[in-house]
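Participant: Here is what each chain is made of, one letter per residue.
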Amino acid sequence: MSHLAFLRKWRAGSVLGVVLLSLMGGEFSYAAKKPVRAQAARKANPEELLNDIYKDLASHDLGSAQRKADALVEAYPNFRLGHLIRGDILLMHTRAVSNLGAAVPPGAEAKLADLRREAAVRLQAERPAPTLLPRALLQMRKDQKHALIVDAKHSRLYLYENTNDGPRLLQDFYVSQGKLGINKLKEGDMRTPVGVYYLIGRLPGVKLPDMYGKGALPLDYPNDWDKINGRSGSGIWVHGTPPETFSRPPLSTDGCVVVSNDDLNFLTRTVEIGKTPILIGDQVEFVSKEQLEKDLRQAASLVETWRRDVENRDDASLKSLYSARFKSAADEDINAWLDKNRYLPGAKKITVTVSDPSFFRQPSQEEVIVSNFTQQIVIGKFRHAVRKKQYWAKEGKNWKIVAESNVS
Amino acid sequence: MLYCALALVAWAPAHADDYADVSKLAKAGKVVEALNKTNEYLSKHPADPQMRFMKGVLLTEQNKSDEAIAVFTKLTEDYKDLPEPYNNLAVLYAANGQYDKARAALEKAIRTNPSYQTAYENLGDIYGKMASQAYDKALALGSSTAAPAKSKLTMLRTFSTSTGGKIVGAETMVAQAPAPAPAVAPARPAASTQPPLISQLPPQNTAQANAPQRIPALSVSPPPATAPKVAASVAPVPAPAAAKPLPAPVPAPAPAPVKIAAAPVPAPVPAPVKAAPAPAPAPTPAPVKVAAAPAPAPAKVEPPKPSKPEPEKIAAKPDNSERDAVIAQVNGWAKAWAAQNVDSYLGYYSQQFEPPKGVSRKAWADERRARIEGKGRIHVEIAAPEVKIDGNTARVTFRQTYESDRLSARSRKTLVMVKNGGKWQIKQEVSGN
Chain E
16 MSHLAFLRKW RAGSVLGVVL LSLMGGEFSY AAKKPVRAQA ARKANPEELL NDIYKDLASH
76 DLGSAQRKAD ALVEAYPNFR LGHLIRGDIL LMHTRAVSNL GAAVPPGAEA KLADLRREAA
136 VRLQAERPAP TLLPRALLQM RKDQKHALIV DAKHSRLYLY ENTNDGPRLL QDFYVSQGKL
196 GINKLKEGDM RTPVGVYYLI GRLPGVKLPD MYGKGALPLD YPNDWDKING RSGSGIWVHG
256 TPPETFSRPP LSTDGCVVVS NDDLNFLTRT VEIGKTPILI GDQVEFVSKE QLEKDLRQAA
316 SLVETWRRDV ENRDDASLKS LYSARFKSAA DEDINAWLDK NRYLPGAKKI TVTVSDPSFF
376 RQPSQEEVIV SNFTQQIVIG KFRHAVRKKQ YWAKEGKNWK IVAESNVS
Chain B
2 MLYCALALVA WAPAHADDYA DVSKLAKAGK VVEALNKTNE YLSKHPADPQ MRFMKGVLLT
62 EQNKSDEAIA VFTKLTEDYK DLPEPYNNLA VLYAANGQYD KARAALEKAI RTNPSYQTAY
122 ENLGDIYGKM ASQAYDKALA LGSSTAAPAK SKLTMLRTFS TSTGGKIVGA ETMVAQAPAP
182 APAVAPARPA ASTQPPLISQ LPPQNTAQAN APQRIPALSV SPPPATAPKV AASVAPVPAP
242 AAAKPLPAPV PAPAPAPVKI AAAPVPAPVP APVKAAPAPA PAPTPAPVKV AAAPAPAPAK
302 VEPPKPSKPE PEKIAAKPDN SERDAVIAQV NGWAKAWAAQ NVDSYLGYYS QQFEPPKGVS
362 RKAWADERRA RIEGKGRIHV EIAAPEVKID GNTARVTFRQ TYESDRLSAR SRKTLVMVKN
422 GGKWQIKQEV SGN
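Residue numbers (our numbering), protein chains in the order written: chain E, 16 to 423; chain B, 2 to 434.
Treat the hints as calculated values from the structure; they're not laboratory data. A virtual CB, placed ideally from N, CA and C, is assigned to each residue, including glycine. One should not assume that every hint holds.
[To be verified] Pairwise CB distance ranges (calculated):
| # | chain 1 | residue 1 | chain 2 | residue 2 | range |
| --- | --- | --- | --- | --- | --- |
| 1 | E | P92 | B | K424 | 57 to 67 Å |
| 2 | B | K376 | E | K222 | 49 to 59 Å |
| 3 | B | S345 | E | P257 | 49 to 59 Å |
| 4 | B | D391 | E | S79 | 53 to 63 Å |
| 5 | B | N421 | E | P120 | 37 to 47 Å |
| 6 | E | K222 | B | D101 | 48 to 58 Å |
| 7 | B | G375 | E | P257 | 30 to 40 Å |
| 8 | E | K194 | B | A105 | 37 to 47 Å |
| 9 | E | S79 | B | G375 | 27 to 37 Å |
| 10 | E | P120 | B | D79 | 37 to 47 Å |
| 11 | E | K222 | B | P115 | 57 to 67 Å |
| 12 | B | R362 | E | M226 | 54 to 64 Å |
| 13 | E | S79 | B | R362 | 42 to 52 Å |
| 14 | E | M226 | B | D79 | 53 to 63 Å |
[Stated by the list, open to error] DSBU-like mimics (lysine-lysine), calculated; alpha carbons at most 30 Å apart, straight line:
| # | chain 1 | residue 1 | chain 2 | residue 2 |
| --- | --- | --- | --- | --- |
| 15 | B | K109 | E | K70 |
| 16 | E | K201 | E | K409 |
| 17 | B | K102 | E | K70 |
| 18 | E | K404 | E | K363 |
Full structure from sequences and hints, please.
Facilitator: Dropping the structure here:
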C-alpha cells in the first residue's frame, strides 16, 4: 500500500511539504527508463506524469505538482488515480496530507484501496537495467519480431523487440489481472493463467461489448501443457478498458490481462498474430547476458539430445526423455505417441535436423521450457518436415518432455 | 446589526449618508430599494468604488449572480490592488461550482495583499471543494459533486478591510484612508481572526432570513479590522482593545474610540482608492506599542485582596489560590478548545458573556461550534499569563499560539473573567496586542 507521508505547514510557516515515498525507497530508475521512452513519442505517458508529480512533491514544489496534476487529469479525464492524487495535492495547499486519498469520505473504502494498490504498483514499476535481459526469452525465432512478458507480481507488461543483439525492451505497461491473481485452473476461477502463450487473433473494439474497450487480442489458453494438467476455461484475452475508466485496478478481471485503450491500440499495431508470444508468470527475472546464454545452451542441448536419439533410433534412450506424465494432445501415452511419429521404421539410416528453434522459459516457480522447432527427417529420398512444440519440465534434477505436439 | 458594515466607509467622493441609507434599507430586508438607491447614487457618481461594491453585494443577494460578477469583475479591472472584489468574485464563482475560477480570483486577492485573511480562508475552502470533486472523480462517485449551495465562503461587504484599517462599531464607523499599511502586511493573521464562514453565521439574522440568497455568505462579517491607523489617529484615547492588528472574532472595538474617530471622518479620508501604499508605515508600529504597553503593567500590580479574612497570611505569603484557579480555568478552556470538545469549551463561558458583534449568545455558540468542530485539528497554547484580580473579576492576559489545519498564528489575548458560585468563567474575550 502506498503510504505517502506529507508534512505541511500553512503559508505563514511556509515550509511546503516533505514527501516520503516510503515504500519506494530509491526504486525509480530513470536512467534505464529514459532512452527507452524517448522513442515512444506519443502523448505524455500518464505514469510518467505521475512520477514527475511525486518528484515535485519530494522536492517541495507544490505549485509544480499542482500544475502537473491539473494537466494529467485534463489529458486523461478518466484516469481515476490521477484525480485522487490531484485531490490530495489540492488539499496540501491547506492541510497535511499523510497518505494517498487522505480525505476521501467514508463509504468508498474498497475503491480507495484499489486505487492505492494501483498507485503502489505504478510507482514501483521496475525497469531493468539495460544490460539485463528477461530470463524467459531464451531465444526468439528470427521472424518473431516481438514478445510480451506479463509480470503478475508487479502488474506489469513488458514489450520486447527481437533484435540481432537479442531482446530489447521497447516499453512497459501497467496491467490488470484476475481478481484472484494467477494460476488459472478452471473456468470461472477469476484467475489469469501462467504459461507460454501466443496471441492468436485481433478483435476490433467496435464488435465487442464496451467492457473490452478498443479491442482484444485472444490468447491460445489452454495450451497443451494446460490441457494435460486439466486446466479449463477459455477466452483469456488481452483487452482494453471500458470508456468510463482509463485503467482498472490491479486485481480486477475475470482472468484477462487488461491494459489501457491507448496501450491496447499500440500493442494491436505492434504484435503479429500467431507469432508473438506472451509469457505470463509471477517470477519474471532479469539476468545477465551470460546467464541467459547459459540457460539457452542448456535448453538447446535438451533438444539436441532428443534429436540424436531420434536419429539413432535409440528408442529406450528417447523414451527416457519423456516424463511419466506425458500425454499427447489426443490423450495418447508415450508409446503410442512415439509409434505415430516414427517414420519408415525399417529404414536403417535416417537423418534428423532441427532448425528455426525458439526457446521460452515460463516465468514461474514451476520450471518449464517451451521449445518450438522444425524437425526434418531425411530417409533416402523420403523427406518429411514438421513443426514441433515441446514442453520440457524439470523433474528432480532432470528435464523431461511433458507435452509435445506437431504444429500444423 | 450585521448590515452596519454596509455603512462603513466614506470613500472620498461619497457621502456617508448615502451609504447609511443603503445600509439601513438592506438591513431592513429592502434589498430592491437599497439597490435602487445604489443605482441612483451611481448614476451621479458612476465611478464610486464603494457604492459599486455595494451594488455587487446587493445583486448577489438577489441571486443576480451574473450581474454581480460583472460588477465585481469591473471593479477588479479598475482597482487591481483591492482584494475584496476578487474575493467576492471567488465566492460567486464557487457558488456556481466554478472552482478553478474561484481559485484564480482568490490567488489574485492574496497577491494584492499577502496578509489578506479572508481570501486565505476562502481559498482553503476552494481547495477543499476541488479536492472533494477530484476524489469523486477518482472513486467514480457521481453524487456529491457540485453542491455549490453548501459553499462556506465568506462574502465581503466592504472592501477596505485589508487596504485600510477600519473599525466597525454598532451603527457607526470609522473611515480610513485606504493606505495599504505595509506594516500590517507582514503580520501573521491571528488565529482568532477567522472571519465567519458562511455556514456558521447566526441563523436568526433577520436580514439574512429576509433575503432570498443562495449564498449564505452574504451576512456580514465585520471583517478583521486591521486597525493600526485608527489607533494612530486616536492614539492616546482608545482602550487597548481598539488597537489591535490581530483582531478576533471577539468583542468588536469598544464604542468609545469609534465615536471619537467618527467625528473627524472627512478629514483623514480623502485619499483615493489607489492611494500610494507608502504613506502609512511610520505611524503604524507606534500605536501597537502604545496599546501593548498597558498589558504587562497590570501583572505587577497584583491587587490586594481586602476581602480575604486572613490578612496576615497574605502579608507573609501572598495567597495565589485565586490566581491559580483563574489560570487553571484558562488552561482548561484552552485544552477544551484544542481537544475540540465544544461542550466543555462553551462551559467556560459565563452566562454574562458578551458575544462579539452584538450577536446572540446562541448564534455565537453555534458559530464557535461550527468553527471548532469544522477543523481537522487544533492546537492551542497559552504562554505567560498575567492575572489581575479585582474582587470577583479577573483579567488574564496571555500570549496565545493557535494552530489548525488551516493556519497558525500567535496573538495576545485578554480574558475578562467573573467568579460565579466559586467558579471563574469568561465574561469577555479580547484579542490584540
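Participant: Next step is simple, just say for each hint if it's right about the structure.
Facilitator: So, going through the hints one by one against the coordinates:
no.	hint	result
1	P92/E / K424/B: 57 to 67 Å	59 Å, holds
2	K376/B / K222/E: 49 to 59 Å	55 Å, holds
3	S345/B / P257/E: 49 to 59 Å	52 Å, holds
4	D391/B / S79/E: 53 to 63 Å	58 Å, holds
5	N421/B / P120/E: 37 to 47 Å	42 Å, holds
6	K222/E / D101/B: 48 to 58 Å	40 Å, violated
7	G375/B / P257/E: 30 to 40 Å	38 Å, holds
8	K194/E / A105/B: 37 to 47 Å	43 Å, holds
9	S79/E / G375/B: 27 to 37 Å	30 Å, holds
10	P120/E / D79/B: 37 to 47 Å	42 Å, holds
11	K222/E / P115/B: 57 to 67 Å	60 Å, holds
12	R362/B / M226/E: 54 to 64 Å	60 Å, holds
13	S79/E / R362/B: 42 to 52 Å	48 Å, holds
14	M226/E / D79/B: 53 to 63 Å	56 Å, holds
15	K109/B / K70/E	27 Å, holds
16	K201/E / K409/E	24 Å, holds
17	K102/B / K70/E	27 Å, holds
18	K404/E / K363/E	26 Å, holds
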